[in-house]
Amino acid sequence: MKYDILIIGGGVTGAAIARALSRYSLSVTLLEAREDLARGASGANSGIVHAGYDPKPGSLMARYNVKGCAMYPALCHLLDVPYRNTGSLMLAFSKEQMQLLEKLYRRGRQNGVPNLEILGAESLRRKEPAASGEALGALYAPTAGVVSPYEMTIALAENAAENGVTVRLSEAVTAITPRQDGFSVQTTKGELTAAVLINCAGARAGQMSRMAGAEEIPMQLRRGEYTLYDRDLGHLVKHVIFQTPDANGKGVLVTPTAEGNLLLGPSSEVLEEENTASTQPGQDFIYRLGKKSCPQLPAGGAITSFAGIRAVSGSDFVIGPSKIQPRLIQVAGICLPGLTSAPAIAEDVCDMALAYFPQAALKPDWKAERKAAPCVREASWEEREALCAEDPDYGKIVCRCETVTEGQIRRALRSPVPVYTIDGVKRRCRAGMGRCQGSFCTPRVMQIIAEEAGIPLEAVRKAGPGTEIAQGALKAKGGTAW
Amino acid sequence: MVKRVYTVVVGGGPAGLAAAIAFYDAGGTDVVVVERDQHLGGILQQCIHNGFGLQWFKEELTGPEYAQRFIDEVEKRKIPCETGTMVLDMREREDGTKSVYCLSPRYGVLEYQCRHIILAMGCRERVRGNIKIPGTRPAGIYSAGLAQRLVNLEGMMPGHEIVILGSGDIGLIMARRMHWEGAHVKMVCELMPYSSGLPRNITQCLEDNHIPLRLSTTVVEIHGKDRLEGVTIAAVDENKKPIDATREYVPCDTLLLSVGLIPENELSKTLCIAMDPVTGGPVVSEYRETSVSGVFACGNVLHVHDIVDFVSTESTIAGRAAARGGKPLASVPIQAAYPVRYTVPQRCSLSEPFTIYWRSAYPLENGTVVLKINGQTVLKQKFLRVVPAQMQELFITEKHLETLRGYELSDAQISLEVEL
Ligand SMILES: Cc1cc2nc3c(=O)[nH]c(=O)nc-3n(C[C@H](O)[C@H](O)[C@H](O)COP(=O)(O)OP(=O)(O)OC[C@H]3O[C@@H](n4cnc5c(N)ncnc54)[C@H](O)[C@@H]3O)c2cc1C
Ligand SMILES: Cc1cc2nc3c(=O)[nH]c(=O)nc-3n(C[C@H](O)[C@H](O)[C@H](O)COP(=O)(O)OP(=O)(O)OC[C@H]3O[C@@H](n4cnc5c(N)ncnc54)[C@H](O)[C@@H]3O)c2cc1C
Numbered sequence: 001m002k003y004d005i006l007i008i009g010g011g012v013t014g015a016a017i018a019r020a021l022s023r024y025s026l027s028v029t030l031l032e033a034r035e036d037l038a039r040g041a042s043g044a045n046s047g048i049v050h051a052g053y054d055p056k057p058g059s060l061m062a063r064y065n066v067k068g069c070a071m072y073p074a075l076c077h078l079l080d081v082p083y084r085n086t087g088s089l090m091l092a093f094s095k096e097q098m099q100l101l102e103k104l105y106r107r108g109r110q111n112g113v114p115n116l117e118i119l120g121a122e123s124l125r126r127k128e129p130a131a132s133g134e135a136l137g138a139l140y141a142p143t144a145g146v147v148s149p150y151e152m153t154i155a156l157a158e159n160a161a162e163n164g165v166t167v168r169l170s171e172a173v174t175a176i177t178p179r180q181d182g183f184s185v186q187t188t189k190g191e192l193t194a195a196v197l198i199n200c201a202g203a204r205a206g207q208m209s210r211m212a213g214a215e216e217i218p219m220q221l222r223r224g225e226y227t228l229y230d231r232d233l234g235h236l237v238k239h240v241i242f243q244t245p246d247a248n249g250k251g252v253l254v255t256p257t258a259e260g261n262l263l264l265g266p267s268s269e270v271l272e273e274e275n276t277a278s279t280q281p282g283q284d285f286i287y288r289l290g291k292k293s294c295p296q297l298p299a300g301g302a303i304t305s306f307a308g309i310r311a312v313s314g315s316d317f318v319i320g321p322s323k324i325q326p327r328l329i330q331v332a333g334i335c336l337p338g339l340t341s342a343p344a345i346a347e348d349v350c351d352m353a354l355a356y357f358p359q360a361a362l363k364p365d366w367k368a369e370r371k372a373a374p375c376v377r378e379a380s381w382e383e384r385e386a387l388c389a390e391d392p393d394y395g396k397i398v399c400r401c402e403t404v405t406e407g408q409i410r411r412a413l414r415s416p417v418p419v420y421t422i423d424g425v426k427r428r429c430r431a432g433m434g435r436c437q438g439s440f441c442t443p444r445v446m447q448i449i450a451e452e453a454g455i456p457l458e459a460v461r462k463a464g465p466g467t468e469i470a471q472g473a474l475k476a477k478g479g480t481a482w
Numbered sequence: 483m484v485k486r487v488y489t490v491v492v493g494g495g496p497a498g499l500a501a502a503i504a505f506y507d508a509g510g511t512d513v514v515v516v517e518r519d520q521h522l523g524g525i526l527q528q529c530i531h532n533g534f535g536l537q538w539f540k541e542e543l544t545g546p547e548y549a550q551r552f553i554d555e556v557e558k559r560k561i562p563c564e565t566g567t568m569v570l571d572m573r574e575r576e577d578g579t580k581s582v583y584c585l586s587p588r589y590g591v592l593e594y595q596c597r598h599i600i601l602a603m604g605c606r607e608r609v610r611g612n613i614k615i616p617g618t619r620p621a622g623i624y625s626a627g628l629a630q631r632l633v634n635l636e637g638m639m640p641g642h643e644i645v646i647l648g649s650g651d652i653g654l655i656m657a658r659r660m661h662w663e664g665a666h667v668k669m670v671c672e673l674m675p676y677s678s679g680l681p682r683n684i685t686q687c688l689e690d691n692h693i694p695l696r697l698s699t700t701v702v703e704i705h706g707k708d709r710l711e712g713v714t715i716a717a718v719d720e721n722k723k724p725i726d727a728t729r730e731y732v733p734c735d736t737l738l739l740s741v742g743l744i745p746e747n748e749l750s751k752t753l754c755i756a757m758d759p760v761t762g763g764p765v766v767s768e769y770r771e772t773s774v775s776g777v778f779a780c781g782n783v784l785h786v787h788d789i790v791d792f793v794s795t796e797s798t799i800a801g802r803a804a805a806r807g808g809k810p811l812a813s814v815p816i817q818a819a820y821p822v823r824y825t826v827p828q829r830c831s832l833s834e835p836f837t838i839y840w841r842s843a844y845p846l847e848n849g850t851v852v853l854k855i856n857g858q859t860v861l862k863q864k865f866l867r868v869v870p871a872q873m874q875e876l877f878i879t880e881k882h883l884e885t886l887r888g889y890e891l892s893d894a895q896i897s898l899e900v901e902l
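The listed protein sequences derive, respectively, from chains L and U. When the letters of the first sequence are read in order and numbered with the numbering used here, they come out as residues 1 to 482. When the letters of the second sequence are read in order and numbered with the numbering used here, they come out as residues 483 to 902.
Only chain L is shown next, with the shape it has when bound in the complex (with noise of 0.2 Å):
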């Protein structure tokens, strides 16, 4: 197959990218290796929508992160994803720390961050009655919120893909052979070329590059460990609470997540090869920090625990043609603050495609908005009445602890990406991911998945290939011995 645009890698950046790319008379496919979206960092991270006080002034980082935020409450809005806008609180312990904040409070202002103010002990107290008592100040930043980056992912690959992009799933790129006109791609179901290739491939960014013979893009990798909270727990904290950096490092956030839950962490460890186990130290790390912040942060509570892996290249992103291989895009390094710059990010990137195809045009049939199966959790009484008045599936709780119906599992199965996991289903409409972890819903979800995949019950899988859940039916179905 012959592509305009061909995306490497289904992380927030390349579905953003896909995104804005599916506004142009293009042929766009985006490849994921995984056997869905966001399956790298953009599955595993706090979730922060930055305001943009960190990064250095001039630098990309800068500038995609504050434009980026800016973005996050109107796209996420026509996007149907659960984002709040809590602001952020940066919370200082000493002399040395409240300095810290100054500077990045000039820092932010030289960014373009709006609205930061600097917190004393009483005010902080009054606008977090969580936080530390032993708290000197915080630097407050309004416009900082949280997104469940998963959902924000899937949404940008459903919206690119209701808008013509060939999302595939379950395809990784394994050569890169570059022509003349652009480049003949090897992947692990056949063969296609591009004119452009877009290399969002995460931690695989630095060998994309080297596989199409471009330059070296030195990687360092860096685990991050949280643990997550009963929803019972969502309400400990208003905001997102940060700690100062300093020498000792970037100290754990504690933060109520997009969907109500509290989230804490991250750890952060040098990795040489990815690995997102969680770690006993790690585990005890985040909490012992997290209790700094955060006294009230109960020992028990927790729902499960998960790792996330920062693709690090130098102190900043890599975005851009590659000098050797002008047809291959560098979108790669992206660390922290990605999730948040990735809209951002997306914009540009999208301008340096279109430079390679001057005889692109707006689609007029464009649509920008797209909508998630509706979450009966938090509709109103009304709301779910005439939901199940539409199809009765909406009266049918499958999933107990977050109350969802088999009519959202089914339309998430029906969306324009459908992704016929347990997990795949737990991302787009929460089954399984309350306290209870699916114990109870696990069956009947796969016997949905079953139907609408049309496969055999013992087909399904929980994640990728070999994730099977049943291991073969009983030895003698129907006349065991008990």
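Hints listed in this document are in silico derivations from the structure and should not be mistaken for laboratory results. Glycine included, C-beta positions come from ideal geometry on N, C-alpha and C. Hints are supplied without guarantee of correctness; some may be wrong.
[Claimed, not checked] To give a feel for the contact side, a few chain U residues facing chain L, derived at Cβ under 7 Å:
(1) Met-568
(2) Pro-587
(3) Gly-590
(4) Val-591
(5) Arg-606
(6) Val-609
(7) Ser-625
(8) Arg-631
(9) Gly-637
(10) Gly-641
(11) Arg-709
(12) Gly-712
[To be verified] Computed cross-link-like contacts, DMTMM-like style, restricted to lysine to aspartate or glutamate with a CA-CA straight-line distance of at most 25 Å:
(13) U/Lys-485 / L/Glu-390
(14) U/Lys-614 / L/Glu-269
(15) U/Lys-485 / L/Asp-393
(16) L/Lys-56 / L/Glu-273
(17) U/Lys-485 / L/Asp-391
(18) U/Lys-707 / L/Asp-284
(19) U/Lys-707 / L/Glu-274
(20) U/Lys-751 / L/Glu-382
(21) L/Lys-371 / L/Glu-162
(22) U/Lys-707 / L/Asp-316
(23) L/Lys-475 / U/Glu-643
[Unchecked claim] Some chain L residues flagged as far from chain U (calculated, every beta-carbon gap over 12 Å):
(24) Arg-126
(25) Thr-187
(26) Cys-294
(27) Asp-393
(28) Arg-414
(29) Pro-416
(30) Gln-437
With chain L's structure known, arrange chain U with the ligands on it following the hints.
Only chain U with the ligands this time, still in chain L's reference frame:
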């Protein structure tokens, strides 16, 4: 749609069914059972092993058989049951009447306006995240209840090389079940120095099948990328801290977790019912009435039971009390003095003889359980051995009540203690 009834029973498991039957038999009319599942019977429907009903029916039944007897009784009385209907919210009005809001495919949104509510929502299992086992997150880790459901109701094998963490009853039952299905159950690990399962289950499920039970041992790491490949286990010291020198890798493709049950009280919280942090269920009087007048609780939502027969007994008390119109929350608190871990009820009115159910914090031998009021002993009962897995009973008779009532009840303090 709005319906008016006298009493709504939330949950159609053994607790809800027994409560509805007792309510009816005590002269109550106009009761409805609301059940989220398509079928009545609750968690018993997947407990296809036998051993149920020895106390209540004096015979040995399987879980579904036990449940069916109650379902039959409910049907005989023509007590309406709304299955496939989940209660999402509850409200109390100034005049004491209540609203129970449900969602169902048949009616859409359904509101019951009622006088009484009997909570019988059961419990859920603790999961990996609750006990924070580090490592990867592959397929192949199941709560024991989920595995039980897959095997018994869906006819599917969760895996073949199995390690079970936690020696609670469900874990023990599943060890035997998987063994019978031809899986290799390598071991059952238990963090505590004693099992949290019933002694009869240790014998019948593990010993009879030569499945090793490793006490004071836990899983400290999970390995495997897509499917579980193995776990690292380690012995723990007296503070339950893993001892590094004892770390041992055990290859397996399946880990079953049987690490405790949690009463499912999210709904109870919508009525701001006072909760007991130890049981995880509401604080109740001997009539199983909660701190909100007219709201009762019974079964696993109140505290986790080891045998369902006790659930039936408890639910009968709740159902009867609801039919009598309920009593205001009794005022004398019953203090559980360590190593008594908890008592149910936690408060009492001392109007009629009743039973105090209690559990110990750890195994106790050759002791006496003592009921005191304001420090004065009212009742003593010797025991040979008490284990946390087995709920204990203490009968408060008319004779004891007379002694108790001799005190000024408004500021009396009853306590349950153990002397060794
Ligand atoms: C611990 C942690 C916390 C963070 N917190 C925040 C935060 O709070 N706020 C914020 O703004 N940012 C945060 N970030 C940064 C943010 O998560 C990343 O910048 C962003 O997710 C990067 O997205 P991406 O699409 O570039 O990469 P990824 O999400 O990693 O996507 C790359 C994709 O490429 C695919 N791929 C790789 N190789 C191939 C191949 N050969 N063929 C096809 N596909 C391939 C991968 O499978 C993957 O899905 C955090 C990151 C981490 C790790
Ligand atoms: C996985 C598992 C295995 C067990 N195995 C054994 C065993 O082998 N032997 C044994 O003696 N005991 C066993 N038990 C304990 C046994 O469940 C109890 O003794 C008994 O079933 C408790 O009865 P119940 O009615 O309180 O709860 P359940 O049987 O759990 O019934 C509660 C019912 O309420 C419904 N419900 C909950 N919330 C709502 C709502 N909001 N709206 C509508 N309906 C709702 C549920 O769907 C459920 O049907 C097991 C428990 C579990 C969790």
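Right, here's what the structure says about each hint:
1. Met-568: For U/Met-568, the interface hint holds, since the closest Cβ of chain L sits about 4 Å away, which is under 7 Å.
2. Pro-587: holds (4 Å)
3. Gly-590: holds (3 Å)
4. Val-591: Holds, about 4 Å.
5. Arg-606: holds (5 Å)
6. Val-609: Since the shortest Cβ distance to chain L is 4 Å, the answer is holds.
7. Ser-625: Because about 4 Å separates U/Ser-625 from the closest Cβ in chain L, which is inside the 7 Å limit, the hint holds.
8. Arg-631: With Cβ-Cβ at 6 Å, under 7 Å, it holds.
9. Gly-637: Where the cut-off is 7 Å and the nearest Cβ of chain L is about 5 Å from U/Gly-637, the hint holds.
10. Gly-641: holds (5 Å)
11. Arg-709: holds (5 Å)
12. Gly-712: violated (13 Å)
13. U/Lys-485 / L/Glu-390: Roughly 22 Å separates the two Cα atoms, so the pair holds.
14. U/Lys-614 / L/Glu-269: The given pair, whose Cα atoms are some 19 Å apart, holds under the 25 Å limit.
15. U/Lys-485 / L/Asp-393: holds (22 Å)
16. L/Lys-56 / L/Glu-273: violated (28 Å)
17. U/Lys-485 / L/Asp-391: Distance ~22 Å between U/Lys-485 and L/Asp-391 Cα, so the pair holds.
18. U/Lys-707 / L/Asp-284: Roughly 23 Å separates the two Cα atoms, so the pair holds.
19. U/Lys-707 / L/Glu-274: Holds, because 11 Å separates the two Cα atoms, which is no more than 25 Å.
20. U/Lys-751 / L/Glu-382: holds (23 Å)
21. L/Lys-371 / L/Glu-162: Holds, because 11 Å separates the two Cα atoms, which is no more than 25 Å.
22. U/Lys-707 / L/Asp-316: Given pair U/Lys-707, L/Asp-316 is violated - Cα atoms ~31 Å apart, limit 25 Å.
23. L/Lys-475 / U/Glu-643: This hinted pair holds, its Cα atoms lying about 15 Å apart.
24. Arg-126: Holds, because the least Cβ-Cβ distance between L/Arg-126 and chain U comes to about 26 Å, which exceeds 12 Å.
25. Thr-187: holds (20 Å)
26. Cys-294: holds (18 Å)
27. Asp-393: violated (7 Å)
28. Arg-414: holds (19 Å)
29. Pro-416: holds (26 Å)
30. Gln-437: Since the minimum Cβ distance to chain U is about 4 Å, L/Gln-437 lies within 12 Å and the statement is violated.
Going down the numbered hints, you'll see the structure goes against 12, 16, 22, 27, 30, while the others check out.
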